[in-house]
Amino acid sequence: MDRMPRWADLVLIPVISLLLAAVISGLVILAIGHNPLEALGIMVSGSVGSTYGWGYTLYYATNFMFTGLAVAVANHARLFNIGGEGQAVIGGLGVALVALYIPWPHWSLALLGSIAASALFGAAWAAIPAILQAKRGSHIVITTIMFNFIAAALLNYLLVGPLKPTGTMETATAPFPEATHIPSFRDMFSFGETILFRGTPANLAFFLAVLLCLLVWLLIWKTRLGYEIRAFGFSEGAARYAGIGSTKIIVVTMLISGALAGMMAVNNTLGEAERLILNAVEGAGFIGIAVALMGRSHPLGVFLASILFGILYQGGGELQFALGIPREMIVVIQALVIMFTGALDNMVRMPLERLFARRRPAPAPVAPPGPTLHPPGRPAAPTNPGTAATE
Amino acid sequence: MTSAVQSQTQSQGQSQGQSQATPAIELRGISKAFGPVQANKDISIRVMPGTIHGIIGENGAGKSTLMSILYGFYHADSGEILIDGRPTRIPDSQAAIRAGIGMVFQHFKLVENFTVLENVVLGAEDSGLLRPSLARARSELRRLAQDYELEVDPDAVIEEIGVGFQQRVEILKALYRKADILILDEPTGVLTPPEADHLFRILRNLREQGKTIILITHKLREIMEITDTVSVMRRGEMTATVRTADTSPAQLAELMVGRKVLLQVDKAPAHPGAPVLEVENLRVTDAKGVERLKGVSLAVRAGEILGIAGVAGNGQSELLQVLGGTMRATGAVRLNGRPLDLSGREDARDRRAAGIGHVPEDRQTQGLILDFAAWENVALGYHDREAYTNGPMMDQAAMKADTADKMQRFDVRPPNPLLAAKNFSGGNQQKIVVAREIESGPALLLIGQPTRGVDIGAIEFIHKQIVALRDQGKAILLVSVELDEILSLSDRIAVMFDGRIMGERLAGQTDAGELGLLMAGITEGAR
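Taken in order, these protein sequences are the chains called A and B. Just so you know, we're using UniProt numbering here: the first sequence kicks off at 1 and counts up by one. Just so you know, we're using UniProt numbering here: the second sequence kicks off at 1 and counts up by one.
Note that these hints are calculated values from the structure, not bench results. There could be a bad hint or two in this list.
Below, in silico cross-link-like pairs of lysine-lysine (DSSO-like), each with a Cα-Cα straight-line distance of 30 Å or less [as the list claims (entries may be wrong)]:
(1) A:Lys222 <-> A:Lys135
(2) B:Lys109 <-> B:Lys288
(3) B:Lys178 <-> B:Lys219
(4) B:Lys464 <-> B:Lys422
(5) B:Lys422 <-> A:Lys248
(6) B:Lys294 <-> A:Lys135
(7) B:Lys422 <-> B:Lys109
(8) B:Lys109 <-> B:Lys178
(9) A:Lys222 <-> B:Lys422
(10) B:Lys41 <-> B:Lys422
(11) B:Lys288 <-> A:Lys135
(12) A:Lys248 <-> B:Lys400
(13) B:Lys288 <-> A:Lys248
(14) B:Lys109 <-> B:Lys219
(15) B:Lys464 <-> B:Lys260
(16) B:Lys219 <-> B:Lys422
(17) B:Lys422 <-> B:Lys400
(18) B:Lys464 <-> B:Lys219
(19) B:Lys464 <-> B:Lys400
(20) B:Lys41 <-> B:Lys219
(21) B:Lys400 <-> A:Lys222
Chain A extracted, bound-state conformation (with noise of 0.2 Å):
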C-alpha cells in the first residue's frame, strides 16, 4: 500500500531532508568560527547568481547526470553499479582515441564519433562484470569496484607511457586537435559584444545529458526492453516465469548503464579539458550512486538531484575562495547531503508515513476491497504523470 502521496516521496522528503541537512551543516560552519548564513549566500550567489556560476555548476551537473542515470538503469534490473567511476574512466579513453587518431572534418562528427566511441568503451568495461554476474554469478558489487582499481591503474600505466606526448612532464594525452573542440555555453549563449559564461567549462554535453534523461526515461517505463528490466528488477522468479531472460537482462542492463557513465567522457574530456588527464572523473561515478538514490532511479529526479550536486561542488568551491573555509570542510557538507538524502531516507520517512497516515487514512491491513482502496481526489502523480501507473 502507498502510504504517502506521491507528491510526499518524491518532493517533500527530499527538501526536508536537504533542510536537516543545511541545518547540521550551518552547526558544523558555526563551529568553525564562520557565519552560516554568510556561508550560504556565498554558496548560493557563488553558483546559480551569474552566469561564470551556473556555467560551472551545469558543468558538474552534467556529470552527474551521466553518472547518475548509469546508476539508476542498473537499479530498475535490481543491479548495483558501483563501476561508474571505472566506467567514465575508460569511456574517456574511448573519447581520447577517436579525437587524436581520427582526423576529424567538424567538431559536429568529431562529437558523434566520441559518443560513439565512450559509450562502446563504458558500456565494454560493464560487460565482463555483467557477464560475470549473469554467468558465474560473481557479485557485481565486488566485481565493478575491482574494476574502477584496474580502469584507473590502466589509465595510469597509458598517460605515463605510450599516450604521452614525448617532452612532456605531464601525465596527459596532447591536446585534442581544433576539429574536435565542441561548442561551450560561451560560444553558444554569447550574443555580440554580450559574453556570457566567460570561462566557464559547461559545453554542449549537458544538452546530451538531458537528452539523455527523458530517453532513459522513454527506455525504462515506455518499452518493452524498460518493462523486462523493471520486472526482473522486482522480483526474478515472476521474471523466469515470464520468459524474461536472466543473462540478456543483467548483460544488456549493464551494457547500457555502463555506456551512460561512459559518455560523460564527453562533457570532460572532449567539452573541458580537450586532452585526456588523469582523475578526469574526480569521483562524480560516486556522487552519481548519491545521485540515483536521492532521485528515486527516476531519471526526472536525477536531474534535479545532479543540478543540486552541481550547486554543492561549485557553491562549495566559492565558500573555500571566498572564506578560507576548507576544502574538507566542503567534503563534509556534502557528505551531511549525501547522508540525510540517501542513507538516512528513513529517519524522514517513517514519521511522515506516519503523519500522512494519521491525516488521511490508511487502509487496513488486510485491504478491504472497494473503492476505498483509491481516494478520490488523489492523482496518482502530480509531478510526473507518464509515470503514474508504472512506478
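Knowing the structure of chain A, use the given hints to seat chain B on it.
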C-alpha cells in the same frame, strides 16, 4: 456439552459446561476504523478458558485487525478488553505478552540462521549473559515437548528445518513466554495435510492442559474439525457466534459470504478428445543432486481436467515448472504431437507461444509482480505479443483497455487497472492471474494451487472458470494439495509421491481414503 441449538449470539461459554466461568478473553464493543473503512464494528466476543475458538471470515472481513488490537498492534477506537475478567489495556505487544497472550503469525517471525533455542530465547533473555538463559530454555523446551508433542531439535538451525517445525518454534516461543492464550493466524496455510494434522494434535493437547486458543482461518474444514466455538465475521462485523457442534459448513459459508455458496463444483461429465499433452519418462535432478522427478509419464486429453494429488514437495512443483519452461528435464513431452525442448533452450516464452498457459503455484513470487500495476501484470509473459506492442514500445493504452476488460469479466475488485497488484486481496490477485492465462487461449492450461489463500467467493468463481475452459475442449493439468479441490474439480486423478505417479483413478471411482493411501506412497490396499 450442554443444550443443543441456542440463539447464536449467546451460545458461547457453555462448551465445558461452565456457564458461570469467567471468559479468558472478553472483547466488548470493539470498533476500529481506518479512515472511512470500518475494519471492526462494535465487536463483542467471549472466549472461554480451555477452549479452541475459531474466527472465520473472508479476506478483509476484519479478523486480522481484531487480533492485532488484541495483540497491541492497533488501538481500538472504542471498546474494552477483559483478560480473565479484568479490564486490561494493551498498548503494545509487550503488554500483550505480559497479559499472557501469544501470537503465531501467518508469516513466521524467526531469525533464519539462528538455532531453535536462540530463537526461543531471543527477546526473553534473563540477563546480559546468554548461557544461563539458553540452559534454562533448553530444559523448558524439553518439558514443553513432552507435554504437548512439540518436539523440535533445539540445536537445529531454522532455515534447515521444515515449515511445520518452524511453526512449532513459534508456538514454543509463545509458551516459553508463559502464554495462556494462543492466537494462531491462518496456521495451516503453509502446512501439508500431515503437518496440519500434527498441529491439530498439538492444539488439542494445549487445550487439555487448559490453554485457550483462538484460531483464525478461512477454511471451513478446519473449523469443523477442531474448534469448540466459532465466530463468523463479515465486513467488519461479527455476524454470529455458534457452537461448532451445532452448525454445518454450508451454514458457516453462508454466514461468511452473506449468500448461499456452492461448496461443490457444478459440472457436467467430461467429453475427452485427443491427447493434448503427452509426458514420457520425465526426470529432473536438482542442484543438490537429488532426483525430484523419477520418470513421470502421463497424458491430458482435450476437454478433461487431470488432477495431480499429493503432499507438497513430491515433485508436483517440478512437473509444473518443467512444462511451464522454467526448469530443465530429460524425457519427452509432446504438445498436440509436437515435441517440446526440455534442455533449457526453450524458456517460458516459447511455451506460451506453443499454447501452454500457466497459473503458477505461487502468485506472489511468480505469477505476479506485486509492485507492478494490474495492467502491467496482465501483460506479464505476453508483453511482446502484437496486440500489446508498437515496435519496441509498449502499447500501454491497449494494455490498459484489455486489463479493464479482463477485470470486468473476471470480477476483479476494485476494477482499476492502475492499482498495484499488492493492493488487491489474495482472491482478486489470483483472478488477475487466472484471467491472464485463460484469456491467452491456451491449448493446455497448467494450474497450480488455484485457490491457495483465496476466499470462498473467489474459489467458487475460479472453479467455474476452470470448468468452463474444459468445456471449451481445452486440456487442463491441475495441481493442488487440497484433496477436496482435486476430488471436486478433476475428471481424472493421478497421485504423486516421491517424484513418481503412484496411480491414476477416474474421479467418480475413488475417494479421499484411497487417494490418501496413495499420497503416502502405499499402493497395497488401494484398488
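Taking the hints in turn, this is what the structure says about them:
{"no.": "1", "hint": "A:Lys222 <-> A:Lys135", "verdict": "28 Å, holds"}
{"no.": "2", "hint": "B:Lys109 <-> B:Lys288", "verdict": "27 Å, holds"}
{"no.": "3", "hint": "B:Lys178 <-> B:Lys219", "verdict": "29 Å, holds"}
{"no.": "4", "hint": "B:Lys464 <-> B:Lys422", "verdict": "25 Å, holds"}
{"no.": "5", "hint": "B:Lys422 <-> A:Lys248", "verdict": "27 Å, holds"}
{"no.": "6", "hint": "B:Lys294 <-> A:Lys135", "verdict": "28 Å, holds"}
{"no.": "7", "hint": "B:Lys422 <-> B:Lys109", "verdict": "21 Å, holds"}
{"no.": "8", "hint": "B:Lys109 <-> B:Lys178", "verdict": "18 Å, holds"}
{"no.": "9", "hint": "A:Lys222 <-> B:Lys422", "verdict": "22 Å, holds"}
{"no.": "10", "hint": "B:Lys41 <-> B:Lys422", "verdict": "25 Å, holds"}
{"no.": "11", "hint": "B:Lys288 <-> A:Lys135", "verdict": "19 Å, holds"}
{"no.": "12", "hint": "A:Lys248 <-> B:Lys400", "verdict": "27 Å, holds"}
{"no.": "13", "hint": "B:Lys288 <-> A:Lys248", "verdict": "26 Å, holds"}
{"no.": "14", "hint": "B:Lys109 <-> B:Lys219", "verdict": "23 Å, holds"}
{"no.": "15", "hint": "B:Lys464 <-> B:Lys260", "verdict": "16 Å, holds"}
{"no.": "16", "hint": "B:Lys219 <-> B:Lys422", "verdict": "23 Å, holds"}
{"no.": "17", "hint": "B:Lys422 <-> B:Lys400", "verdict": "17 Å, holds"}
{"no.": "18", "hint": "B:Lys464 <-> B:Lys219", "verdict": "19 Å, holds"}
{"no.": "19", "hint": "B:Lys464 <-> B:Lys400", "verdict": "25 Å, holds"}
{"no.": "20", "hint": "B:Lys41 <-> B:Lys219", "verdict": "23 Å, holds"}
{"no.": "21", "hint": "B:Lys400 <-> A:Lys222", "verdict": "13 Å, holds"}
The structure is consistent with each of the numbered hints, conforming to all of them.
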